[in-house]
Amino acid sequence: MSLEAWIPLLVLCSSLLPGLMIFGLDESRVRLRTTLNLGGALTKLALVGVMFWGVSQGIEYEVRISFLPGLDLALRAGPLALLFLVLSSLLWLVTTIYAIGYLEGSPHRSRFFGFFSLCVTATVGVAMAADLLTFLLFYELLTLATYPLVVHRGTEVARRAGQVYLAYTIGGGALMLFGIVWLYTLTGTLEFTPLGFVSELDPTTHPALILIFIFLITGLGVKAALVPLHVWLPMAMVAPAPVSALLHAVAVVKAGAFGIVRVVYEVFGVEFSAGLGVTLPLAVLASITILYGSLRALFQDDLKRRLAFSTVSQVSYIVLGVAIASPIATVGGLVHLIHQGLMKITLFFCAGNLAETLGVHKVSEMNGAGQRMPWTMVAFTVGAFGMIGAPPVAGFITKWYLGLGALDAGQHWVLLVLATSSLLNAAYFLPILHAAWFREPPAQWPAERSLGRGETSRALLWPPIITAVAALLAGLLASLPFSPLEWARFIAEREFRPL
Amino acid sequence: MEPSALVRELFAWAHADAAGLMASVLALPVLVPLLGALFAFVMRRWAAAIGLVTLLALLATVLLLIPWLLGAGAQGLAVGGWGAPLGVDLYADGLSLAMLLMTAVVGLGISLYAHSYFRADPIREQAFWPLWLLLLTALNALFLSRDLFNLYVTLEILGLSAVALTALAGGAKALVGAMRYLLVSLLGSLAYLLGIALLYHAYATVDLALLAARIDAAPATWAALALMSAGLILKTALFPLHFWLPPAHASAAAPVSAALSALVIKGSYYLLVRIWLELVQVQSDGVATFLGLLGAGAVLWGSIQALVQTRLKLLIAYSTVAQIGYLFLAFPLAAGTGGLAWSGALYLALSHALAKAAMFLAAGNLLRFGGHDRIADLDRVVQRLPLSMAAFALAGVSIIGLPPSGGFIGKWLLLEAALSTGRWGWGIVIMLGGVLAATYVFKVVGFAFTQAEHPHQAQRVPATMEWVAFALAVAAVLLGFLVAQPLMLLEIGDPFAAHVGGMGP
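Protein chains in written order, with my numbering: chain A, 1 to 499; chain B, 1001 to 1505.
Hints were generated in silico from the structure; no laboratory data involved. The structure displayed is predicted, hence computed values, not measured ones. Errors might be hidden in some of the hints.
Looking from chain B toward chain A, a few residues come up when the C-beta cut is under 8 Å (computed) [unchecked claim]:
1) Val1397
2) Glu1416
3) Ser1420
4) Met1431
5) Gly1446
6) Phe1449
7) Gln1485
8) Leu1487
Simulated DEER-style distance windows between Cβ atoms [as the list claims (entries may be wrong)]:
9) Ala1497/B / Gly188/A: 41 to 47 Å
10) Ile1428/B / Val378/A: 51 to 57 Å
11) Ala46/A / Ala1060/B: 42 to 48 Å
12) Ser450/A / His1372/B: 40 to 46 Å
13) His1456/B / Thr34/A: 33 to 39 Å
Glycine included, C-beta positions come from ideal geometry on N, C-alpha and C.
Please put together the full structure from these sequences, using the hints given.
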């Protein structure tokens, strides 16, 4: 095998092997476990960096093994895969550091980090899958690897949340499998191709294709938390904070959104989908999700639940960008994959810091938090402004391109959705910021702990600061080469027929 | 004589009779466990050691058969030089070979487990080994026979040794379960025997190949086939004739439960498939649909029953009822897709054997660890007995049919057979069964994380018992990666091709 074939495999192995080794480690081997974790994360980042450079030079990394008769398992790292790969490998490193700090001294860490690594393995597999079958394989592996993390605490509430999570994801996976086999019987191939591979089919199959589209999008919509398939996401908030960060920013909802991007662009082809008439309903569904998520977030007092409903809303920007079916909106949707990840992970890290250091879980308890934990709250503020869409944070870029794209496609109603959603975002984030910065802190925090000399331990403080700075830079330096925005443009050019 | 001359002499002899010698290897999968059973019965104190050696030898023999059959195609052996219709004919194609391999691999796992399981109980141990080896003899003979009467004999030995093994657990529950199993088994054999009598009366032969050439669609033939099928369905525990399976499989000792669910029911299923492929063929759509409907009923009813169980072993037993249903979906789906549907069903049968054995063995570990198998009181076993729990979960992945696992491949092939011919109903059943299976598997996994209200004193579980369960579960998952080889194996001798013989329309 050539070097180009080895690198995707090594990217998988850089988290798979440490994960398997960690399962076998004794609880007390903290140092070795940390070495394995960070070593794997750094190796993966380096490998992804190499591939990023290669892909920008026009190299495609591909490896395949034969599987079923007529079907291969194949990994391929092209521009779209790299978008998700860079995000997940970067955020995995940060989240690992955070999780090591967060879980210090808590039980069952070997189990936790083992599944944590499997989870990231599945995510990079989802990113690099070169066909629907390989995608499904890693998509289901992701379900299995996250389940033990959701129920990690072993309480009755956690168990219930786990059951709900599985009911939704397994059901969605079954629909997807059904759709994939059906599609395979029609086309005889499942390979992702720019501009899609179904447009040549006989027009009599179009009703079947619409049904298949619905099945696939429903299966993916479960993880992307499209309303009404979002119920599991707020419930899964019982998991420890690093898991929430992983679910919301790095792995699960992103895998769903990324899958929708793949299906619309590289299975059906976005122009063919628009011709089938399936993109408009998808755009409407995404808009409903955006508004519904924001509305529900407004009424949550529990900070993590508020952030969870905010995720429901924000991830659908990606879907909306895809469904508007215009090249400019595509750029907005794709780039939000990165932006939402950076901003949301910042917010969850900060929420975790507040809970760990001060015992603050509720919005109503956050008065004066900015005085006690200034750096955490600065990071939180950057994330919140990004979510609202205030320039120069990354979220602004997304909304700008989505708006332009909607005008370009002649879908003016989308602007109304964007404006309303921004207002709602402001309405549920600004009171938090006001309380944290301008109100007096209480005499005593709910459960204050001293973690290190600063406002909290370094392993907890640095990750949100790094991701907040990244979110800021992604917005400020958007026009530089290799920025998320430029990369998204690079991809969008491949997914539309030249005019 | 000089040694070298002796060797040369031997070589010359072997060369001259190489073909015949090779062919008699076909009898070894029957002879090896039979000898083992006899020795284990006579030399009781060494029973366990004899058993383990026998299983290793059996696996080696079957592995020896693989390259030979891959090269030379399906093979027959007229034992003692007497061919059909007088003598005992053995015949092995890909289908038989896959079943033999499944039996040898799972059998070895169960034997290693049983070696640890019965260690503290010499009386049961000495009773277990001869019966278990006899069961394997019967099963292997069943997979190699081509003669309906010989098949009846193997079926009867299989049933009786299985019943005796069930009763081995002792206690009222196991005895009642075994008693019911005995009656059902005898009833099934009786129906099957009546069918043979009718066929023999009509066509003057019980050899499958000869029958296939002579048979026609007379009423007596249909009556005979109906009787034989009914008997075999009863023994396979296809819905709604599954009532006897859960009590028998759930009350037996762990290695016996594993053997019953993983292997024994596959014997009668295999026979049904053989009879169907050779004698009945695709012309009888109505019967195929009927069998498929029963299968669909089994998938749904068995899964729902599994879901409401509060005891782990009963849950697994009902899961077997559901998974048997899948095997019968191939009967209607084979029309128009031939090999695809049968490969799918057989792939499911193989992976179910590995996964279900792993599940029952893991359940045995949990039972020994906590002293009970109440699902709600599993009490953090995911932390306290991680290897067994991992075995259960991985086996569950294959049972559910999540990728990558043997179960996924089987379901994919069945689903492809269904959807490529536009038969949505069967496709929906296949998917629903998977979702329901996920629900009952993860019901158990969920409770493995929580704390029980009344904690129990934990007992030690030997490492062998944990590792065997884990290894079988991993094998079930690996079967989802190495797909080409098992499929190639199944195709030796083209067992699923439409035969020239068989009944006309």
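Do the hints match the structure? See the list:
Here the hint on Val1397/B is kept, as its CB sits about 7 Å from the closest CB of chain A, short of 8 Å. Here the hint on Glu1416/B is kept, as its CB sits about 6 Å from the closest CB of chain A, short of 8 Å. The restraint placing Ser1420/B at the interface with chain A holds, with a minimum CB-CB distance near 4 Å, inside the 8 Å limit. Restraint check, Met1431/B versus chain A: the minimum CB separation of about 5 Å is within 8 Å; hint holds.
With 8 Å as the threshold, the beta carbon of Gly1446/B comes within range of chain A, its nearest partner Cβ sitting at about 5 Å, so the hint holds. Evaluation of the Phe1449/B hint against chain A yields a held restraint, the C-beta minimum of about 4 Å falling below 8 Å. A least Cβ separation of about 11 Å between Gln1485/B and chain A goes past the 8 Å threshold, and the interface hint is therefore violated. Because the smallest distance between the Cβ of Leu1487/B and any Cβ of chain A comes to about 7 Å, under 8 Å, the interface hint for this residue holds.
Between Ala1497/B and Gly188/A the C-beta distance comes to about 23 Å, which lies outside the given range of 41 to 47 Å. Look at Ile1428/B against Val378/A: about 54 Å separates their beta carbons, and that is inside 51 to 57 Å. For Ala46/A and Ala1060/B, the hinted distance range of 42 to 48 Å is satisfied, since their beta carbons lie about 47 Å from each other. Taking the beta carbon of each, Ser450/A and His1372/B are about 45 Å apart, inside 40 to 46 Å as hinted.
Checked against the hint of 33 to 39 Å, the pair His1456/B and Thr34/A passes, with Cβ atoms roughly 35 Å apart.
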